[in-house]
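Trainee: All chains, full assembly: derive it from the sequences and hints.
When we follow the working numbering, the leftmost residue of the sequence shown carries the number 9, and every step to the right adds one.
Please note that the accuracy of each hint is not assured.
Within a straight-line C-alpha distance of at most 30 Å, the following computed BS3-like cross-link-like pairs (lysine-lysine) qualify [stated by the list, open to error]:
| id | residue 1 | residue 2 |
| --- | --- | --- |
| 1 | Lys147 | Lys223 |
| 2 | Lys158 | Lys147 |
| 3 | Lys104 | Lys18 |
| 4 | Lys112 | Lys273 |
| 5 | Lys25 | Lys112 |
| 6 | Lys273 | Lys18 |
| 7 | Lys18 | Lys112 |
| 8 | Lys25 | Lys147 |
| 9 | Lys104 | Lys25 |
| 10 | Lys223 | Lys158 |
| 11 | Lys104 | Lys223 |
| 12 | Lys273 | Lys107 |
| 13 | Lys107 | Lys18 |
If you're looking for bench data, these hints aren't it; they were derived computationally from the structure.
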Amino acid sequence: MFNTIGIISKPFDPVSKGTAAELREFLEDQGIGVVDDSALIAEQADLIIVVGGDGSILNTARTFVDNNIPILGINLGRLGFLADVSVGQMFDIVSKVLKGEYTKEERCLLSCQVEQEGQTVYQSVALNDIVINRQDALKMIEFDVYIDDKFVNNQRADGLIITTPTGSTAYALSSGGPIMHPGVNAIGLVSICPHTMSHRPLLVPGGSEIVVRIKDNSEGVSIHIDGQTSCPVVPGQEIRVRQHGSFIHLLHPQDYDYFEIIRSKLHWGSKLS
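Mentor: This is the structure we're talking about:
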């Protein structure tokens with residue numbers, strides 16, 4: 009089923025590189041072709057195995073979202089929401105995946121554009137979230153929110169998180185947003201420390217287009233994509249967000265249980281001692 013596999017590791021992490029080398033040897037011993045160059049992965053790979061943490065999965069998803077290559081994560085990080093195969097399970101799970109024994113899950117991404125006078129000055133995609141905030145964390149920003157060309161509200165807050173279901177268990181959750189199952193076709197908007205208690209988290213249909221316009225009194229604003237890349241935004245520019253046209257597909261062990269992941273990683277529903 010998988011004839012050529014791309015392996016992505018953290019280039020300056022000796023543990024990640026060493027684990028990736030062991031995995032490469034394991035695959036090549038079974039006659040599987042292995043590539044680790046991004047251009048070759050995009051052209052040749054039937055599967056990408058990421059040896060790292062959730063951050064590595066986020067970066068890989070943004071890079072290869074339009075190549076329609078499924079992704080399997082080997083967890084060397086802390087949480088392991090997305091990279092949910094432990095190093096101790098690696099050879100066993102990879103062997104099963106090669107036999108077609110796995111669970112396949114579709115995840116949506118967000119497309120983000122910063123526009124000025126109708127021209128796009130920045131664009132990116134996000135698997136988790138797009139965060140709009142001020143570089144000076146001690147000051148609030150003011151912005152207007154529009155959904156499908158309809159005015160929603162004006163906010164003064166530390167910022168705004170626009171999240172996918174995948175990102176709902178990340179920064180958005182810490183800011184009071186709801187957990188969204190990955191199968192939900194929705195986009196979440198979660199204010200960061202709003203100046204009024206009336207601003208509550210909002211879920212909108214996945215097909216919605218969200219526009220955020222920064223007010224003239226708010227300088228030094230940036231958008232952050234999955235907490236990994238950023239772009240400054242100045243008054244007069246608008247941030248336009250919608251679902252990306254392509255999805256990624258994550259592979260999991262056959263016994264994968266989303267709610268078990270939530271319970272074990274977040275201690276969700278744990279009894280108080």
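Trainee: Take the hints in turn and mark each one as holding or not.
Mentor: Hints, verified against the model:
1. For the given pair, Lys147 sits about 14 Å from Lys223 by alpha-carbon distance, which is consistent with the 30 Å threshold.
2. Of the supplied pair hints, the one linking Lys158 and Lys147 holds, its CA atoms being roughly 28 Å apart against a limit of 30 Å.
3. Only pairs whose Cα atoms come within 30 Å are accepted, and Lys104 paired with Lys18 is accepted, the gap being roughly 24 Å.
4. Using a Cα cut-off of 30 Å, the hinted pair Lys112 and Lys273 holds, with the two alpha carbons roughly 21 Å apart.
5. Proximity of Lys25 to Lys112 is assessed by CA-CA distance (about 26 Å); at most 30 Å being required, the pair is judged to hold.
6. The suggested pairing of Lys273 with Lys18 holds, with an alpha-carbon distance near 23 Å, which does not exceed 30 Å.
7. Taking the CA atoms of Lys18 and Lys112, the gap is near 24 Å; set against the 30 Å cutoff, the hint holds.
8. At most 30 Å may separate the alpha-carbon atoms for a hinted pair to count; Lys25 and Lys147 exceed this at roughly 41 Å.
9. For the suggested pair Lys104 and Lys25, the alpha carbons sit about 23 Å apart, so the restraint of at most 30 Å is met.
10. A distance of roughly 17 Å separates the Cα atoms of Lys223 and Lys158; the hinted pair therefore holds under the 30 Å criterion.
11. Pair hint Lys104 plus Lys223 does not hold up; C-alpha atoms about 53 Å apart against a cutoff of 30 Å.
12. Distance check on the hinted pair: Lys273 and Lys107 sit about 28 Å apart at the alpha-carbon level, within 30 Å; holds.
13. A threshold of 30 Å between alpha carbons decides the hint, and for Lys107 with Lys18 the separation of about 27 Å falls inside it, so the pair holds.
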